Amino acid sequence: MNLSASWVPWPRKRGHGQWSRNMLTASVSMAPQQEPSRARKEAVPQACPSYRSLTVTARFPRKWSAVLILLAIAATAAAGDDLPLREQKAFQAAVQRVAPSVVRIETVGRRERLGKLVLGTGPTTGLVVSPEGLIVSSALNFLRRPDSILVQLPDGTRKPARLLATDHSRMLVLLKIEVLAPLAVPEMAPRERMRVGQWAIAVGRTFEGNRPNMSVGIISAGWRIRGRAIQTDAAASPNNYGGPLLDIHGRVLGVLTPLSPKPGEKVGGLQWYDSGIGFAIPVDDILRALPRLSRGEDLYPGLMGIGFLRSDPNTAEPIVAACHPGSPAYKKLRPGDRITAVDRSPVDRVAEVNDAVGRYYAGDKVTLTVQRDGKRIERRLTLVAKLPPYARPFLGILPRRDATTPSGAVTVRYVYPDSGAAGAGIRADDVLLSLVDKPLAGADDLRRQVALLEPGDEVKLDIQRDGTTRSVSARLGPVPEALPVEALPPARAEGPSKKVGRAARGKVMITVPEIENKAWAYLPKDYSMTIPCGVVVWLDAPGAVDDAGILKLWKPACDRGELILLVVKPANPTAWLPGEEAVVARVLDELISQYPIDANRIVVHGHQGGGTLGYLVAFRHRDLIRAVATVDAPLPGPAPSAEPVHPLAFYLVTVEKSPAAARIARSIKALRKANHPVQEQSIGESPRYLLPDEITRLAQWIDTLDRI
Amino acid sequence: MNGTVPFWSIVVLLLCLSIPSDVAGADDPAVPRTRPLAGVLAELQPKIVKIYGVGGFRGMEAYQSGLLISEQGHVLSAWSYVLDTDYPTVVLHDGRKFDAELLGAHPRLEIAVLKIDATGLPHFDLARAVDARSGTRVLALSNLFGVATGNEPVSVQHGVVSAKTLLAARRGTFDTPYDGPVYVLDAMTNNPGAAGGALVTRDGRLVGILGKELRNSLNHTWLNYAVPIEQVRPTVEQILAGKYVAETEKKKDRKPARSLTLADLGIVMVPEVLPRTPPYVDLVRPDSPAGRAGLKPDDLVILVRDRLIQSCRMLREEFQYIERDATVHMSVMRNGQLMEFTLEVPKP
Chain C
-14 MNLSASWVPW PRKRGHGQWS RNMLTASVSM APQQEPSRAR KEAVPQACPS
36 YRSLTVTARF PRKWSAVLIL LAIAATAAAG DDLPLREQKA FQAAVQRVAP
86 SVVRIETVGR RERLGKLVLG TGPTTGLVVS PEGLIVSSAL NFLRRPDSIL
136 VQLPDGTRKP ARLLATDHSR MLVLLKIEVL APLAVPEMAP RERMRVGQWA
186 IAVGRTFEGN RPNMSVGIIS AGWRIRGRAI QTDAAASPNN YGGPLLDIHG
236 RVLGVLTPLS PKPGEKVGGL QWYDSGIGFA IPVDDILRAL PRLSRGEDLY
286 PGLMGIGFLR SDPNTAEPIV AACHPGSPAY KKLRPGDRIT AVDRSPVDRV
336 AEVNDAVGRY YAGDKVTLTV QRDGKRIERR LTLVAKLPPY ARPFLGILPR
386 RDATTPSGAV TVRYVYPDSG AAGAGIRADD VLLSLVDKPL AGADDLRRQV
436 ALLEPGDEVK LDIQRDGTTR SVSARLGPVP EALPVEALPP ARAEGPSKKV
486 GRAARGKVMI TVPEIENKAW AYLPKDYSMT IPCGVVVWLD APGAVDDAGI
536 LKLWKPACDR GELILLVVKP ANPTAWLPGE EAVVARVLDE LISQYPIDAN
586 RIVVHGHQGG GTLGYLVAFR HRDLIRAVAT VDAPLPGPAP SAEPVHPLAF
636 YLVTVEKSPA AARIARSIKA LRKANHPVQE QSIGESPRYL LPDEITRLAQ
686 WIDTLDRI
Chain L
2 MNGTVPFWSI VVLLLCLSIP SDVAGADDPA VPRTRPLAGV LAELQPKIVK
52 IYGVGGFRGM EAYQSGLLIS EQGHVLSAWS YVLDTDYPTV VLHDGRKFDA
102 ELLGAHPRLE IAVLKIDATG LPHFDLARAV DARSGTRVLA LSNLFGVATG
152 NEPVSVQHGV VSAKTLLAAR RGTFDTPYDG PVYVLDAMTN NPGAAGGALV
202 TRDGRLVGIL GKELRNSLNH TWLNYAVPIE QVRPTVEQIL AGKYVAETEK
252 KKDRKPARSL TLADLGIVMV PEVLPRTPPY VDLVRPDSPA GRAGLKPDDL
302 VILVRDRLIQ SCRMLREEFQ YIERDATVHM SVMRNGQLME FTLEVPKP
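These protein sequence lines map, in sequence, to chains C and L.
So the first sequence is numbered by our numbering: it starts at -14 and just counts up by one.
So the second sequence is numbered by our numbering: it starts at 2 and just counts up by one.
Keep in mind the hints are simulated off the structure, nothing from the lab.
Watch out, some of these pointers could steer you wrong.
[Claimed, not checked] With a Cα cut of at most 25 Å, we get these calculated SDA-like pairs of lysine to any residue: (1) L:213 <-> C:627; (2) C:144 <-> L:270; (3) C:316 <-> C:74; (4) C:74 <-> L:219; (5) C:144 <-> L:56; (6) C:144 <-> L:339; (7) L:297 <-> C:143; (8) C:74 <-> C:142; (9) C:144 <-> L:98; (10) C:161 <-> L:281; (11) C:445 <-> C:491; (12) C:144 <-> L:341; (13) C:350 <-> C:128; (14) L:297 <-> L:244; (15) L:116 <-> L:63; (16) L:213 <-> C:261; (17) C:74 <-> C:334; (18) C:492 <-> C:464; (19) C:144 <-> L:348; (20) C:161 <-> L:307; (21) C:161 <-> L:304; (22) C:144 <-> L:234; (23) C:74 <-> L:41; (24) C:144 <-> L:342; (25) C:74 <-> L:221; (26) L:98 <-> L:132; (27) C:144 <-> L:41; (28) C:161 <-> L:262; (29) L:297 <-> C:503; (30) L:213 <-> C:531; (31) C:503 <-> C:680; (32) L:256 <-> L:204; (33) C:144 <-> L:309; (34) C:144 <-> L:158; (35) C:144 <-> L:265; (36) L:348 <-> L:262.
[What the hints assert, rightly or not] If we take Cβ atoms under 7 Å as the criterion, some of the chain L residues that face chain C in the derived model are: (37) 35; (38) 39; (39) 41; (40) 122.
Because the structure is a prediction, the values reported are computed rather than measured.
All C-beta atoms, glycine included, are put in the ideal place defined by N, C-alpha and C.
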């Protein structure tokens, strides 16, 4: 076959026909029209072949050339379709690209358990972030405070490592090794170009061998765990925690770590390993925190100290209810302020405020824009790691529960001896008109105002007695634990004069459509729809069923003390399940929607297992429950912190010979340490239900729950 | 007849022919042209079988998977309690049921070969199995959870090979006698019924046999893995040829008759007052292998023979597996530095 090159102008005047014209791509440049040179037998390669004179002539038939071209194009098409193979090569290339920066970390240490969580002792992964030897890893393997940390570089050499600092907000640690030659630092991927749905490869180095292990998935979401994490469905597990999450180019998107969406839970995400939900801390955030961590500074989530009325944060509007005394927000924001923006980004819900602030560390500054009395105000807060424990101040009175006078004044029912009120000379039947020159709007308002002050503060009160008004000064003290010894005067001046409306009396069933638990309530004898009653939510130990007995026991206390007894039973008669605390709250909500309830006297009362559930109900529904009274039940976890908006009081009945006695003693200590008032009572050696006079005492304690 | 082929068409031809060559992976076992998945699966499904046997109580499922490896109905599967019956049942993809006979099993490899009475069956050729490496796209075919019954074909999962590694560098990490190479998988194959299933490349070439439910005791996670065919093929061929002889229980970690002691090396450790006393050296006899090598008191033993040592007790246990006259490589921490030593008891 003889070939000679000849450049033929396009389009040809004659010859190939329509199909050739369609196949040619636009990349062929137009050459000026020229006469085609004649086909020649010998190849004549020109010395400097200009594009005008190149002609290829081939001896084989025209249709074979057509076939050849068709085949070639089919081959290209087929190659273009081989996406699975291309993707596979891309995965492998990406991992190979980052492999020199992925190290294996082994730890030697003593602790193997953190509470109930059994910590692994296997190797973990780390990512090199500086050529001088700074390595980031997941905090998981370092919670056990290892004595020795060994880093194995990709070339096999082992180096001892120092733990410089821990990031408690993002559960990462920073390690340092000494290196002779600079380490390879990977390329970081820009977060703003990250897209949900793009490839994500999770890399670890926990198995034997010189190649890292990998798992392929996608980016499932960009901003999780209060804006702190990227979510991926690549398998994230102890096999790659501490390692990088890559994009398809082999650039690092983030570092994998187990995170829990529940605030305060340190290692909650561990049980989600390999589940299709994995989290990685974005590399931008890591680099931003790096200077502080490399100086040895531990980082903590930043707190503001703002209390919101705790209904569902996803629907609640961000209106400040109270600011924790001594916190960054204290004295900068006021109750009633509505937060409209965080760092100039608009927010509309408490959850959005939490998300916006959740990514900051203690020590960071955040700007809040609030709406106050129609004016727009900006405040800059410096976040802190811990809020000073809240100590609720106590004035020393029990208010009367009559309908208050239209002006909102508060009538004093009882004055605690040795209290600030007593010291100021306040007596029963005095009418409190204003606090610090601000007229009161009822007992709840007085309670809220006092809660925002601190024990030791001197407050001015205007009181009215026998027709005259005077001012007194009272010094606020701490909330007492002891019950008043004497009988308390009645909370109400007059009883219900006439029955208003057709109120139900006695025992009623409470049904909630979606809940299978049985619940009934006892409405007291002189019940009327105008008198808000307190609620005792009785949660018995599972298995015990003695409705008649409980009713008989509580009937006198309810009738006397304006209390509704609400009995909720477990769905499974043999055990309370942890999720049922939501059920109890739901039933209580149902009761509140049907009958007027005094929010200050809602108490959860539980016996043993029911008591444990009672704690959970109270801690997870602080806006609902005011007090917890348990018999022979220890705390199921750490004590909740005290806060101005939602008070909690405790009445723990102890039994000497109970197997839980030691834990209950520790629980009491923990509650007191968290500044909650705890009333203790021992009922002897063996567990039993309360006797009538013990119920009377408990009821009296409940009666004092609306103290100020 | 002659015709002029224009230059542009040759350029296009050359361009087209040059493109595929960078796609064809030179070092990758997958065939350069990945076939459509449906076609691959249609070819594979008839080669996987569902196996039923003993179990069905206390969380121990009575089913697993197997692969056909010969036309006459030899089945390769995992050696497990499911097969601990006289006649396990094998069900093909089209629902045909057979009683199977156990031809042989290898307890350490944890594989078994069964035989059913059939002919003309599509099957895998073990000799044509390929290797994979981390990132290779794979398919796992098995009857996990026993979802497939009767004439339903088994389930298919897709993923990649996560790593190729040795199971258990550390003693007792995995509850299995097998200590050879495995493919760790990025696919949820660690499930009841998956054992004995097939691991193939995206293009349908056999890579491995799916393993049993194994838990990593070091980090408390379940392991998704498959055993490379290369590891089991020689034994399978022996079983098929009728030449298989069950090997004497070769414990992978047998203690030597005379093992090395710390005293032989001249090392005295700190007293074990805690359950996990950190392995600090207390004394070193001057004229001893340790003394001559340069070990000092207060050295913290970190690695012995490349194994991480967490406590004094673990150190003593590790030494029980070392021959008296072996050379021992030890790494210690001294003042924040990692130092390596080689110790040997001199022959008398």
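- Given the hint that residue 213 of chain L pairs with residue 627 of chain C, does the C-alpha gap stay at or below 25 Å? violated (51 Å)
- Message: Please verify whether residue 74 of chain C and residue 41 of chain L have alpha carbons no more than 25 Å apart.
- Response: The given pair, whose Cα atoms are some 20 Å apart, holds under the 25 Å limit.
- Query: Are the Cα positions of residue 144 of chain C and residue 348 of chain L separated by 25 Å at most?
  - Reply: violated (33 Å)
- Is the Cα-Cα distance between residue 161 of chain C and residue 307 of chain L 25 Å or less? Holds, because 22 Å separates the two Cα atoms, which is no more than 25 Å.
- Message: Hint check: residue 445 of chain C vs residue 491 of chain C, CA-CA at most 25 Å. Holds or violated?
- Response: Distance of about 45 Å is beyond 25 Å: violated.
- Is residue 348 of chain L close enough to residue 262 of chain L, meaning Cα to Cα at most 25 Å? holds (15 Å)
- Take a quick look at whether residue 144 of chain C and residue 270 of chain L sit within 25 Å of each other, Cα to Cα. holds (24 Å)
- Straight-line alpha-carbon gap residue 144 of chain C to residue 342 of chain L, limit 25 Å: The hint holds at about 15 Å.
- Message: Please verify whether residue 74 of chain C and residue 142 of chain C have alpha carbons no more than 25 Å apart.
- Response: violated (29 Å)
- Pairwise hint evaluation, residue 531 of chain C against residue 213 of chain L, where the allowed Cα distance is 25 Å at most: Cα-Cα ~51 Å, so violated.
- Query: Are the Cα positions of residue 492 of chain C and residue 464 of chain C separated by 25 Å at most?
  - Reply: Violated - the C-alpha atoms of residue 464 of chain C and residue 492 of chain C are around 35 Å apart, more than 25 Å.
- Message: Run the distance test for residue 297 of chain L versus residue 503 of chain C: straight-line Cα separation, threshold 25 Å.
- Response: Cα-Cα ~71 Å, so violated.
Of the numbered hints given earlier, the model fails hints 1, 3, 4, 5, 8, 9, 11, 13, 14, 17, 18, 19, 22, 25, 26, 27, 28, 29, 30, 32, 34, 35, 38, 39 and 40; all others are met.
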